[in-house]
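Enquirer: Residue strings, one per chain:
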Amino acid sequence: MAGRRPAPPGLLVLLLAAAFAPISSAVRPVSDAHRSAAAELFAPSADGSFGDLERTYEAVRTFQILGLEKYKSVTGKACKFAAEKLASPASSATKDLFHAARISGVLGCSVDAGVYDGVVARLKAVIKDTNSLLEFYYTVGGLLSIKEQGHKIVLSDAESTFHAIKALSQSDGRWRYDTNSAESSTFAAGIALEALAGVVALADAEVDPSMIGVVKNDIVKLFDTIKSYDDGTFYFDEKHVDATEYKGPIMTSASVVRGVTSFATVASGKLNIPGEKVLGLGKFFLGIGLPGSAKDCFNQIESLSFLENNRVFIPLILSLPSKVFSLTSKDQLKVEVTTVFGSAAPPLKVNLVQVLGSDSKVITSENKELQFDLDNNVHYLDIAPLKIDVGKYSLVFEISLQEPEHESVYATGGRNTENVFITGLIKVDKAEIGISDNDAGTVESVQKLDLLKDTKVSLSANHLQKLRLSFQLATPLGHTFKPHQVFLKLKHESNVEHLFVVPGSARQFKIVLDFLGLVEKFYYLSGRYDLELAVGDAAMENSFLRPLGHLELDLPEAPEKAPRPPAQAVDPFSKFGPKAEISHIFRSPEKRPPKELSLAFTGLTLLPFIGFLIGLMRLGVNLKNFPSLPGPAAFASLFHAGIGAVLLLYVLFWLKLDLFTTLKYLGFLGIFLVFVGHRTLSYLSSASTKQKTA
Amino acid sequence: MPRAASDAKLLIQSLNKAYAATPTNLKIIDLYVICAVATAVIQVAYMGLVGSFPFNSFLSGVLSCIGTAVLAVCLRIQVNKDNKEFKDLPPERAFADFVLCNLVLHLVIMNFLG
Chain A
1 MAGRRPAPPG LLVLLLAAAF APISSAVRPV SDAHRSAAAE LFAPSADGSF GDLERTYEAV
61 RTFQILGLEK YKSVTGKACK FAAEKLASPA SSATKDLFHA ARISGVLGCS VDAGVYDGVV
121 ARLKAVIKDT NSLLEFYYTV GGLLSIKEQG HKIVLSDAES TFHAIKALSQ SDGRWRYDTN
181 SAESSTFAAG IALEALAGVV ALADAEVDPS MIGVVKNDIV KLFDTIKSYD DGTFYFDEKH
241 VDATEYKGPI MTSASVVRGV TSFATVASGK LNIPGEKVLG LGKFFLGIGL PGSAKDCFNQ
301 IESLSFLENN RVFIPLILSL PSKVFSLTSK DQLKVEVTTV FGSAAPPLKV NLVQVLGSDS
361 KVITSENKEL QFDLDNNVHY LDIAPLKIDV GKYSLVFEIS LQEPEHESVY ATGGRNTENV
421 FITGLIKVDK AEIGISDNDA GTVESVQKLD LLKDTKVSLS ANHLQKLRLS FQLATPLGHT
481 FKPHQVFLKL KHESNVEHLF VVPGSARQFK IVLDFLGLVE KFYYLSGRYD LELAVGDAAM
541 ENSFLRPLGH LELDLPEAPE KAPRPPAQAV DPFSKFGPKA EISHIFRSPE KRPPKELSLA
601 FTGLTLLPFI GFLIGLMRLG VNLKNFPSLP GPAAFASLFH AGIGAVLLLY VLFWLKLDLF
661 TTLKYLGFLG IFLVFVGHRT LSYLSSASTK QKTA
Chain B
1 MPRAASDAKL LIQSLNKAYA ATPTNLKIID LYVICAVATA VIQVAYMGLV GSFPFNSFLS
61 GVLSCIGTAV LAVCLRIQVN KDNKEFKDLP PERAFADFVL CNLVLHLVIM NFLG
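Going down the list, the sequences are from chains A and B.
First residue of the first sequence: 1, per full-length UniProt numbering; consecutive thereafter.
First residue of the second sequence: 1, per full-length UniProt numbering; consecutive thereafter.
Derived by calculation from the structure, the hints in this document are not laboratory data.
Careful, some of the hints might be misleading.
Distance condition first, Cα-Cα at most 25 Å in a straight line; then the derived PhoX-like pairs of lysine-lysine [what the hints assert, rightly or not]:
hint : chain 1 : residue 1 : chain 2 : residue 2
1    : A       : K690      : B       : K9
2    : A       : K692      : B       : K9
3    : B       : K27       : A       : K624
4    : B       : K81       : A       : K690
5    : B       : K84       : A       : K690
6    : A       : K295      : A       : K270
7    : B       : K81       : A       : K624
Short, incomplete list of chain B residues facing chain A, as computed with Cβ under 7 Å [unchecked claim]:
hint : residue
8    : F53
9    : E92
10   : H106
11   : L113
The C-beta atom is built at its ideal place from N, Cα and C for all residues, glycine as well.
Model the full structure from these sequences, guided by the hints.
Expert: See the structure below:
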């Protein structure tokens, strides 16, 4: 083993990618990775602020849930920011007051009771005469937050507010944003439920239980519209994704989770929602992994915090700390069952009920109970007795709660499927290399190889002979093994490389290189070739790239038209270097005549016009025929003005207008022109006929 | 030769005399046609001198002149009182046609001018 050469980095990357790509979307509880991701996403700007109030709230709330110390350092700044808004309730939007009150609540800022009195009065006034869902949400949410900070607030007309919000609901459990809007939305439903929960919490007397029952019914209907993936993940999304206020599945699901869990907290009795859907929502938020934006991060963490402790169902997540098991080191299969934030689950049993192969073939369906390790909160099982070979498997686990009364509190989802990867040492056997003659296949020299060590065979061949290489691969359980990559590399002294895939059959891997057919591919290069064999697979712990020795090849002289071997790059990385600059060719501008010449000819074109005017004068033209009566004279002038206007329009068309605008104006001008032209010319016509007859 | 020269002179004189009898409005149209054609000739000369680079501009300039000249000739045919074919057509109607055709022609010309 000491002489084993490390596989080249490219090969390793490939193997790792192959091994972990399908498993990377694994569901794991919230961890420190989330904390550092949140700290990064919500990094305050240089002056210590987070931007607007909403973003500030999202930042401090996320820090609070994740227990990050960081938010203590921003308290002063954020409190001041919130206090500024709260100090002038009349001039601030309810949205700002809502966020400011919540920031103060999260950070425990000290706000004067007098300041809050002003805010409360303003919010109550808004509640009275609004019919917009968002206004209800902001005002009720703001009041609730102030109440939670120890300020005494009673919403006297809670019943009517409740009715006003409920009036916006639709028959399918979704909500409209206001009475005028025709569009209903799932996101709005979540907001509405949260607002209703707030109203119930603020009410002085108990809200009519029948109304609560109706809303519970709405929630059940809302959960009928939930969408799912086939791995047991559930999420909410809008029915019409092209709606004007589309928020995306994360925000929509987060809104519903917030609303439903808040409502379940204030409403008596249990909501009739299937546990698997709540679990599926938990899986959806955990399945995001590390979020990419601050908004997603806030929604993920806050929704999970609501799922962590709620009165509907608390999802219990089954996850594997590691998904790769080595048969060599006799790894134990470890399973954790925790809440979404990773805290311990109540007593329960985990059984492995089925093992499926990569092609969904059942390997074994023996029921095995996992042992529980109380100290580490881990269920474990030895994998050796399972008799499973290297490769990819799906393990099906079944969780059963030990105490029956927990069944109505926790959602385990029954069966859980996890994909795992088993690796092991692959036995390499019966490796042989040799040269044979082309015709009968009489083997001249066969050497046994030990592929676990570097070997130094030296062979010689000419173009009429063949190189044979064969070996066998077997898994720890003795089955034949087919790795992803099996390559034989021949490298000439001049660094020209040739790569051959070694084909594998059921029994063995075998390659025969017939040099007669390869002379052209080898560019007629005789001389010493180094032989290297690469065998690699993600499940193979002893993947190797091993030099076998060398081969003296005697090839015929190159004919004249033989292809030249490609020039070898001096530095293999130079092909990633900058490319040669591309020089662009632009059309050269046309040759233009000198300006003076053009101007001279412009003047010259005026000459015939001047000649025309002189000619008119010599002919003694006059305007005697121009109508002298005021009416026809007006029409005649309008006619000429109209023609002038059309010509002016043409000039504008040439200078800036487009064809459509021009045609539009031309249409109006044309109608006018036809009218006045007809009047003018018919008057002239009648005048001339009168003259004739007179 | 002097005979031929005097013949030519006679011919031109008679032509001049005959043309003097032409009504004034027809003379105006003739003048207009000559003016338009002269403008076209000047533009062609310019093109011959400096090359035809903005070819569409050249074309629209020349065609504008030629087109309006042709239209003017048509107008002359219709207004001519000796032309019996258009006896019933009042000259005002012919002029209206002339104006309309010119407007359409120049819309196209402007579009082509670039």
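Enquirer: Are the hints correct? Go through all of them and say.
Expert: Quick rundown of the hints versus the structure:
A C-alpha spacing of about 43 Å is found between A:K690 and B:K9, which places the hinted pair above 25 Å, so the restraint is violated. A distance of roughly 39 Å separates the Cα atoms of A:K692 and B:K9; the hinted pair therefore is violated under the 25 Å criterion. With a C-alpha separation of about 17 Å, the suggested pair B:K27 and A:K624 falls inside the 25 Å cut-off, and the hint holds. Our distance criterion of 25 Å between C-alpha atoms is met by B:K81 and A:K690, whose separation comes to about 17 Å.
Distance hint between B:K84 and A:K690 is fulfilled; the C-alpha atoms sit about 21 Å from each other, no more than 25 Å. Between A:K295 and A:K270, the direct Cα distance comes to roughly 31 Å. Violation of the 25 Å bound is thereby established for this hinted pair. With a C-alpha separation of about 21 Å, the suggested pairing of B:K81 with A:K624 holds against the 25 Å cut-off. Of the supplied interface hints, the one on B:F53 holds, with its beta-carbon coming within about 5 Å of a beta-carbon of chain A, less than 7 Å.
Of the supplied interface hints, the one on B:E92 holds, with its beta-carbon coming within about 4 Å of a beta-carbon of chain A, less than 7 Å. The restraint placing B:H106 at the interface with chain A holds, with a minimum CB-CB distance near 6 Å, inside the 7 Å limit. With a least beta-carbon distance of about 5 Å to chain A, the hint placing B:L113 at the interface is held under the 7 Å criterion.
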